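Chemist: Sequence:
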Amino acid sequence: MSWKNNFWKSPYWKFIKFLWLGAFVGLLLFSGLITAIGMGWFGQLPPIEELENPKTQLASEVFAEDGTLLGKYYFQNRSNANYEDLSPQLINALIATEDVRFYEHSGIDNRRLFTIIIYNLIGRRQGGSTISQQLAKNLFPRKKFKSFKDKAVTKIQEWITAVFIEQRYTKDEILTMYFNTVEFGNNSFGIRSASKTYFGKSPKELNAPEAAVLVGMLKGPTKFNPIRNPENAYNRRNTVLNQMGKASFISEDSLAYFKKQPIQLQFQEESHNEGLATYFRETLRIELIDWCEENGYNIYKDGLKIYTTINPTLQKIAEEVVASNVKDQQRKFYAHWKGREPWGKFNEGIVQAMKRSDRYIIAKKLGKSDESIKAEFNVKVKMRVFSYNRGEIDTIMSPLDSIKYYKFFLQCGFVSMDPTTGRIKAWVGGHNYKYFKYDHVNISAKRQVGSTFKPFVYTAAVDNGFSPCTMVPNKPVSFEGYPDYNPSNADEKFSTPTMTMYRGLKLSFNLICLNVLKMLGDDGIKTVIDYATRLGIKSKIEPYPASALGTADISLYEMIGAYSAFANKGVWTKPIYYTKIVDKNGNVIFENMPQTKEALSEQTAYVMCKMLEQTTTTGTAAKIKYQYKIPGACGGKTGTTQNYSDAWFMGITPTLVSGLWMGWEDRAIHFRTMDLGSGAALAMPVWAEYMQKVTATPGLINIVNEWPSPQSPLNIEINCDKFESESEEKVDFMEGE
Numbered sequence: 001m002s003w004k005n006n007f008w009k010s011p012y013w014k015f016i017k018f019l020w021l022g023a024f025v026g027l028l029l030f031s032g033l034i035t036a037i038g039m040g041w042f043g044q045l046p047p048i049e050e051l052e053n054p055k056t057q058l059a060s061e062v063f064a065e066d067g068t069l070l071g072k073y074y075f076q077n078r079s080n081a082n083y084e085d086l087s088p089q090l091i092n093a094l095i096a097t098e099d100v101r102f103y104e105h106s107g108i109d110n111r112r113l114f115t116i117i118i119y120n121l122i123g124r125r126q127g128g129s130t131i132s133q134q135l136a137k138n139l140f141p142r143k144k145f146k147s148f149k150d151k152a153v154t155k156i157q158e159w160i161t162a163v164f165i166e167q168r169y170t171k172d173e174i175l176t177m178y179f180n181t182v183e184f185g186n187n188s189f190g191i192r193s194a195s196k197t198y199f200g201k202s203p204k205e206l207n208a209p210e211a212a213v214l215v216g217m218l219k220g221p222t223k224f225n226p227i228r229n230p231e232n233a234y235n236r237r238n239t240v241l242n243q244m245g246k247a248s249f250i251s252e253d254s255l256a257y258f259k260k261q262p263i264q265l266q267f268q269e270e271s272h273n274e275g276l277a278t279y280f281r282e283t284l285r286i287e288l289i290d291w292c293e294e295n296g297y298n299i300y301k302d303g304l305k306i307y308t309t310i311n312p313t314l315q316k317i318a319e320e321v322v323a324s325n326v327k328d329q330q331r332k333f334y335a336h337w338k339g340r341e342p343w344g345k346f347n348e349g350i351v352q353a354m355k356r357s358d359r360y361i362i363a364k365k366l367g368k369s370d371e372s373i374k375a376e377f378n379v380k381v382k383m384r385v386f387s388y389n390r391g392e393i394d395t396i397m398s399p400l401d402s403i404k405y406y407k408f409f410l411q412c413g414f415v416s417m418d419p420t421t422g423r424i425k426a427w428v429g430g431h432n433y434k435y436f437k438y439d440h441v442n443i444s445a446k447r448q449v450g451s452t453f454k455p456f457v458y459t460a461a462v463d464n465g466f467s468p469c470t471m472v473p474n475k476p477v478s479f480e481g482y483p484d485y486n487p488s489n490a491d492e493k494f495s496t497p498t499m500t501m502y503r504g505l506k507l508s509f510n511l512i513c514l515n516v517l518k519m520l521g522d523d524g525i526k527t528v529i530d531y532a533t534r535l536g537i538k539s540k541i542e543p544y545p546a547s548a549l550g551t552a553d554i555s556l557y558e559m560i561g562a563y564s565a566f567a568n569k570g571v572w573t574k575p576i577y578y579t580k581i582v583d584k585n586g587n588v589i590f591e592n593m594p595q596t597k598e599a600l601s602e603q604t605a606y607v608m609c610k611m612l613e614q615t616t617t618t619g620t621a622a623k624i625k626y627q628y629k630i631p632g633a634c635g636g637k638t639g640t641t642q643n644y645s646d647a648w649f650m651g652i653t654p655t656l657v658s659g660l661w662m663g664w665e666d667r668a669i670h671f672r673t674m675d676l677g678s679g680a681a682l683a684m685p686v687w688a689e690y691m692q693k694v695t696a697t698p699g700l701i702n703i704v705n706e707w708p709s710p711q712s713p714l715n716i717e718i719n720c721d722k723f724e725s726e727s728e729e730k731v732d733f734m735e736g737e
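For what it's worth, the working numbering labels the leading residue of the sequence shown as 1, then goes sequentially.
Don't take each hint at face value.
Below, computed lysine-lysine pairings styled on DSSO-like, alpha-carbon distance capped at 27 Å [unchecked claim]:
id: 1; residue 1: K526; residue 2: K610
id: 2; residue 1: K137; residue 2: K196
id: 3; residue 1: K625; residue 2: K316
id: 4; residue 1: K332; residue 2: K629
Pair by pair, the computed Cβ-Cβ distance ranges are [claimed, not checked]:
id: 5; residue 1: N295; residue 2: E706; range: 42 to 48 Å
id: 6; residue 1: S488; residue 2: V704; range: 35 to 41 Å
id: 7; residue 1: K629; residue 2: T655; range: 14 to 20 Å
No lab work stands behind these hints: they were computed from the structure. Only a predicted model underlies this, so the values are computations on that prediction, with no experimental measurement involved. For glycine and all other residues, C-beta sits at the position ideal for the given N, C-alpha and C.
Full structure from sequences and hints, please.
Modeler: In structure tokens, the structure reads:
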């Protein structure tokens, strides 16, 4: 027994006792540290509520009426995916690479616990953190380490948070949250954005090599970015594929095949300048910013879902038709002004454009004189400019010449609306949002409407007892208080002394319209303005006789609502372009309810539809029927301002009302002849080609052959053939413009 007594007294036993005692004390201290950290003594852990509803920046999404995504608003381009949206290969790649025992642990992988502790505390990052721990770090990022204590505390906080996450979420939910919180570079946050950006597809469609590329990027979004560092990305992808093979997620044959393949990208970084309905999305964004401020939301990070009325097919047709027609008319404009500047001696618009430019504003802030700034504007520099024929082109041009270059470009606004619901189906604010930001559909975009205002004069007349068959003098007319106002028809060749209102509108004769105004009495123009107001026109219209011919500046947005009342049996419906807003949890937080009012009697609206129909058969827009052969009931009105700086066409059918304006940014720039610059020549073909394609697309709209008759018997004479003189000579279709 002596050896036993000697052992208990030996220094070895003392060492073992101290070792066990130290281990016990260390365990107690470690347990105490975890308890203290869990109680928040070293900084608060994320509240339980935040674990249930973690705060991440989510992009707000804009959807078309069929549910397709039109675009996003964001600080971070992040859109959440559901577990069902993730391909099995994507999940396998993540688990094989980051946490092969993911389904076996409860947040902490004990097998590698001490290895992880040692490597992380000495500053050597080790990829051994579980997916749950990485999720905790992504959801609740900490400050940068300042000391050993900070490293230890932060790591333990992540462990505790990971355990909390595992207690509150299923494994599938954890995987989904992880993929939604990680960054992939190129302004892509979350797997849905990354899949779209790098491969042009949804996460569910990713195959094994594609999934391996994206999972490989998690180790370093820049270092392993397939755009910036393709070789690194290729090697990292193969590392992930090896891990997938090692975990038996892919076969050996597939592994060997995949590793030999190059990375095949369909890269397209999301941009507000690209995609469908760019102008519409920007106008919507500006409106929603105000709504969000009033209602406590942030459009860029609260993950709102905005459901719009835009029909993607109609929108695409509208954009294509506008682009092709503007390009064609631009070619004619260049030929028309070849070798000459369309602004002539009146170059004030050029000077003002120069003073509005960023270059000029910055120079003025630096204290430079106007003389030196003007000199700089004449120095040629390298720049990239827009071109119809070659897209973007690099050239050498002075800033002043670039201003003149862009002044030449024809602009267009086009909008299409369902007259019965008020829902806008297509919105084209211009032809290239990247280079021309101004939205010509927006309610603030106002131009002289020309003869498209005349139907409001005839509406007032019909609603006050006149018939389309009423005979009206075709002669100069004077108005009390306006002795110098002596307008004439656009073309004096036609000399018939009288004609019906029907004929006067379809041929757009100025003198017929003004005589109708005179027949409405001394307050005729005020009566007309009242009717325009009933039809939704809120822009200021001066109570002058000239206003009857369309001298007021009115927006296309207002005009489309007004003309829709004709097609909607006299009921004005406020044009709307989004129906509801939903928060990130699926709660409807705003619904856009229709606003309607009875603006006209049903009979007056019907008569106006029949009068406008004549314009498209034998009037200023007769090509709609005899050349373009648009089927079904339709009507319209051309509009041209005096110097051809504004060209309009408003077209109506029982189920779709569309209108457009065409012109130049500077009103001093325009065609010089009616055959080139009138509404019939410049604007009407856009509507006609649009309706050709719309009506040729099965199921897109309902084609109605006749205007719906009023419920009560019509008590207004509309068959005016017997009133028209057989001796009237044939009139050119654009004469009244």
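Chemist: Hints the structure violates: just list their numbers, smallest first.
Modeler: none
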